[in-house]
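Make a model of the complete structure from these sequences and hints.
There are 2 protein chains.
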Amino acid sequence: MTQTRERVEAWLGAFESALRDRDGERAARLFAVDSFWRDLVAFTWNITTVEGRAGVAALLADRLEDVDPSGFALTEEPSEADGVTEAWLRFETRVGRGTAHLRLRGGEAWTLLTTLRELKGFEEARPQGVEHELRKGRRSWQEEREREQATLGRVEQPYVVVIGGGQGGIALGARLRRLGVPALVLDRHDRPGDQWRKRYKSLCLHDPVWYDHLPYLPFPANWPVFAPKDKIGDWLEMYTRVMEVPYWSRAEVRSASFDADSGTWRVVVQHDGESVELRPAHLVFATGMSGKPNRPALPGQDVFRGEQHHSSEHPGPEAYRGKRVVVVGSNNSAFDICGALWEHDADVTMVQRSSTHIVKSASLMDIGLGDLYSERAVANGVTTDRADMIFASLPYRIMHEFQIPLYERMAERDADFYARLEKAGFRHDWGDDGSGLFMKYLRRGSGYYIDVGAADLVADGRIKLAQGQVDRLTEDAVVLDDGTTLPADLVVYATGYGSMNGWVADIVDRATADRVGKVWGLGSDTTKDPGPWEGEQRNMWKPTQQENLWFHGGNLHQSRHYSLYLALQLKARYEGIPTPVYRLQEVHHTS
Amino acid sequence: MTQTRERVEAWLGAFESALRDRDGERAARLFAVDSFWRDLVAFTWNITTVEGRAGVAALLADRLEDVDPSGFALTEEPSEADGVTEAWLRFETRVGRGTAHLRLRGGEAWTLLTTLRELKGFEEARPQGVEHELRKGRRSWQEEREREQATLGRVEQPYVVVIGGGQGGIALGARLRRLGVPALVLDRHDRPGDQWRKRYKSLCLHDPVWYDHLPYLPFPANWPVFAPKDKIGDWLEMYTRVMEVPYWSRAEVRSASFDADSGTWRVVVQHDGESVELRPAHLVFATGMSGKPNRPALPGQDVFRGEQHHSSEHPGPEAYRGKRVVVVGSNNSAFDICGALWEHDADVTMVQRSSTHIVKSASLMDIGLGDLYSERAVANGVTTDRADMIFASLPYRIMHEFQIPLYERMAERDADFYARLEKAGFRHDWGDDGSGLFMKYLRRGSGYYIDVGAADLVADGRIKLAQGQVDRLTEDAVVLDDGTTLPADLVVYATGYGSMNGWVADIVDRATADRVGKVWGLGSDTTKDPGPWEGEQRNMWKPTQQENLWFHGGNLHQSRHYSLYLALQLKARYEGIPTPVYRLQEVHHTS
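From first to last, the protein sequence lines stand for chains A and B. Be aware that the first sequence starts at 1, since it is given in this note's numbering, and climbs by one per residue. Be aware that the second sequence starts at 1, since it is given in this note's numbering, and climbs by one per residue.
Since the hints were derived computationally from the structure, they do not count as laboratory data. Just to be clear, a hint being listed does not mean it is correct.
Copies of the same chain look alike in the list, so a pair counts if it fits in one copy or across any two.
As the list claims (entries may be wrong) - As a list, the in silico DSS-like pairs of lysine-lysine whose alpha-carbon atoms are at most 27 Å apart:
#1 K136 to K198
#2 K528 to K292
#3 K528 to K136
#4 K423 to K464
#5 K464 to K323
#6 K292 to K198
#7 K323 to K136
#8 K292 to K423
#9 K464 to K136
#10 K136 to K423
#11 K198 to K323
#12 K323 to K528
#13 K464 to K120
#14 K120 to K198
#15 K292 to K136
#16 K120 to K423
#17 K292 to K120
#18 K120 to K323
#19 K120 to K528
Below is the structure:
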């Protein structure tokens, strides 16, 4: 046995012995003073990170007896680098099986990630597909599917209703299907994938294929690194079909209210022109982590004679050849839209209202994601699931410390690029603490552009740049607060999105939205992510202050990975497994 | 280095040295007296097996200089069992890279499989999906797709036309797409997958999921072991879309003729009501290895007042509740159709005309396929590609020797079952030489049933059994040659299919069909597979006696695996790489 393995085995032995003796204090002393235990559902029926020995002890005091953890064992040879020992583990609880990732420093646990992977008695198994015994009245698969489609939501009620059938809703729907939880995904578009198809023409994923896999069915080897929106649309449509996700297209949710007595929601849906009332136990908002479009109210919008729309409604550049377009905003959508308009010979001006963080796509792929999600990572044995676990194992509290050096390397590599941008008057930042794009995404979900070519157009003036706030619109122009007048035939508001609980206000009510509070963000006390520190993303994939109300979504990576933990939480409730939530999050902000 | 490895390295060293010296005789002496070298395109631009030292020497005398093989090297540690050393290799040729599988016995090569995997300069690479430089006039993926759909087959001619868009045509279409060969798949149905959807209701795959993967995109982990036909239909439809296979539905080929001067085909297609003429260089028949339905001509068919149809047209059992049905035939389709009719309360009689081989599905899965295609195989590291290679490495000449003991085990395991069948009067066989189902499939493509439950219905009389040939039909009955009269409202002819060159006769002409000859079979001189010995399946996936005419198909395993070699043969021709064919097969039978 190697020394590294001995060290891990010794720690595990001591840890498990303390757990067996129900001695949470002793177990906590195996953690470093500065340490983090992140649990995804396995110990806490929550997504939560506790810090330090006191945090560990408190968690165990509350949960140890009920969870009854056991069987911690290495699943592969542990490794050691820079004084940190890294180990991959499996373990069991009373009701499930999990995997874990452990980092030891000086013989003490520095980080521990525990994740629930399956519930005992409800393991995901490959179905046989056909009974090999003939009997009268046996139904074919197709007949069974047709029966289900005719009855679900009408004769039989789904246990879970998912509002929103983009990648998030679909991934969750696939998990619930496989776990045997009756669910129904509702979406307002004509068919799955339209969430992508209906966006502006030049849109491609900014994340690479290795980051974007959906559960169960990875993209094939010939899938493009950065998939075009219509291709993703096709994939989502076929995925929904072959995974047999119960899905209603052309279904708009008009209202929802929770009946605490019966423990069910009353969800009113306009489906294909017909009003249907659904009575699920659980309601999941998968309406897009970006939430509702922020549409700025500006003086003069009523007198402006041209066209104006939010970036989410922008149809693409074709109709604007030769037109003067003012795009308000300077993040991803703004750059994408400006770039496509320029390609189609529009006269484009970008209005930068606040500073933006830009990284070149190639640098982000190589330095930011390359170790986890890339051809290189795959060649090194870092499968998608392993990458997801490694990423999840870094506590949010210290994640920026790992991110800062990566962005310092990008700054160095692309120094010329940034110099050119600055010379063009573009205000650029690296995040409040220099931690770059990914922390901006996790904290506020905005404030950046992954450059796929449009930044150069700004740098050399092919896309014009204006600085400042919009003061008002006139009949034919946008006027900034410094008096600059930008003649316009079209104004695009690339002004971002609000918190996802805005959808709750619309569909349930304002009181529920406020009780649930702001969705997304870590409480990092940086721009647009006010404190106090939360330790996890607010309200995402875990119980909220509204019973039986959940939020799901994020990028493709998050939709894939966290859909598992949300699905298992729902499955446990469906099967009547007790799910006492440890440290239900408090709410500090309403939006 | 292990002794096993030393032995392989020594053999490889001597082999490569002989090849380098262009000394085919010396290389041949490294093979055993009884030995087999099977080549899939790499050395021969053909699919061919040579036997013994003379066969090896002749192949090398003809091909060595041109192929210029080199770089034979182990890709993993070789293994040894029962006196046979097994090694996995890679190698190169002048134009490509390949993998190989070698078995040594007593230091001599017993079997060698060489396969071409890619052409140098034309390796399959993941596309970027988007250019990260903006420029005016850039087209989006969707626009590019729409342009292609508007022009292919009209403004631009495909290099390859594939007739038939079932699993075979689709798999080949996906390979050609990825290799950048302009191709067009034609299919007469309304949409991809209808080839399966339109079959009888109870149809499920008889082969298990691990055997059935298509190229590039394996079925997901929740795919049923035996997929129902409609689910396979959905999969094929979505596969066609996401793999961007150029595919015309509602396209019937009316005629095709080869113009030797221009080296192109003139293919007349009725597409969506419009007549289109295509001018591809190559024409691939992927019309189903089963070929055209055999419709027996029987006296009295004109006076019979009930319904009669071939099994391929059977709509399913719903309409026949309470009806008397006579099913002529006793192979897979007959059993499936009889079973579903019985489930729907029809009065069913099966007419057995000749003896049938039956194996229980579970036994076939476990004993017949389990080592290569099963959950167990996957757990043992036998990936689909590895299983395909192992299977391909067994020369057809001796394959029955490996098969016979498997079927002896099945006979023993299911002895009670066979006794009950015999007692019911069912004539059962194990193939001419006891080699069972798979050899029957390869030799004649018929004569068996994989039992998924219906055999029990015959054994206990719930499906009635009659023996003999059909003599004639009357107004309301089927009369057998012994005078037995079977009253019937419906007669189903589960009478199988003819050779695939029947389609060539219909579409091209009889002369071409005869020149190309019988498709399928090994020349084993067993029932329905007349000699002389061919060594490979006649006409499948390799050059035929008609220039630029090819056959593709078979089960899902064959469609997956052999589509690679056919695609590489077409790609080489498309790129102008010389492809001298070694030992173009001779034709001994016209059908």
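Cross-check of the supplied hints:
{"no.": "1", "hint": "K136 to K198", "verdict": "between (47 Å within a copy, 22 Å between copies)"}
{"no.": "2", "hint": "K528 to K292", "verdict": "within (16 Å within a copy, 69 Å between copies)"}
{"no.": "3", "hint": "K528 to K136", "verdict": "neither (63 Å within a copy, 36 Å between copies)"}
{"no.": "4", "hint": "K423 to K464", "verdict": "within (13 Å within a copy, 89 Å between copies)"}
{"no.": "5", "hint": "K464 to K323", "verdict": "within (14 Å within a copy, 79 Å between copies)"}
{"no.": "6", "hint": "K292 to K198", "verdict": "within (16 Å within a copy, 45 Å between copies)"}
{"no.": "7", "hint": "K323 to K136", "verdict": "between (69 Å within a copy, 15 Å between copies)"}
{"no.": "8", "hint": "K292 to K423", "verdict": "neither (35 Å within a copy, 73 Å between copies)"}
{"no.": "9", "hint": "K464 to K136", "verdict": "between (73 Å within a copy, 16 Å between copies)"}
{"no.": "10", "hint": "K136 to K423", "verdict": "between (79 Å within a copy, 24 Å between copies)"}
{"no.": "11", "hint": "K198 to K323", "verdict": "within (22 Å within a copy, 53 Å between copies)"}
{"no.": "12", "hint": "K323 to K528", "verdict": "neither (34 Å within a copy, 74 Å between copies)"}
{"no.": "13", "hint": "K464 to K120", "verdict": "neither (60 Å within a copy, 46 Å between copies)"}
{"no.": "14", "hint": "K120 to K198", "verdict": "neither (42 Å within a copy, 40 Å between copies)"}
{"no.": "15", "hint": "K292 to K136", "verdict": "neither (52 Å within a copy, 32 Å between copies)"}
{"no.": "16", "hint": "K120 to K423", "verdict": "neither (61 Å within a copy, 46 Å between copies)"}
{"no.": "17", "hint": "K292 to K120", "verdict": "neither (39 Å within a copy, 51 Å between copies)"}
{"no.": "18", "hint": "K120 to K323", "verdict": "neither (62 Å within a copy, 48 Å between copies)"}
{"no.": "19", "hint": "K120 to K528", "verdict": "neither (41 Å within a copy, 53 Å between copies)"}
Checked against the numbered hints given earlier, this structure breaks hints 3, 8, 12, 13, 14, 15, 16, 17, 18 and 19; the rest are met.
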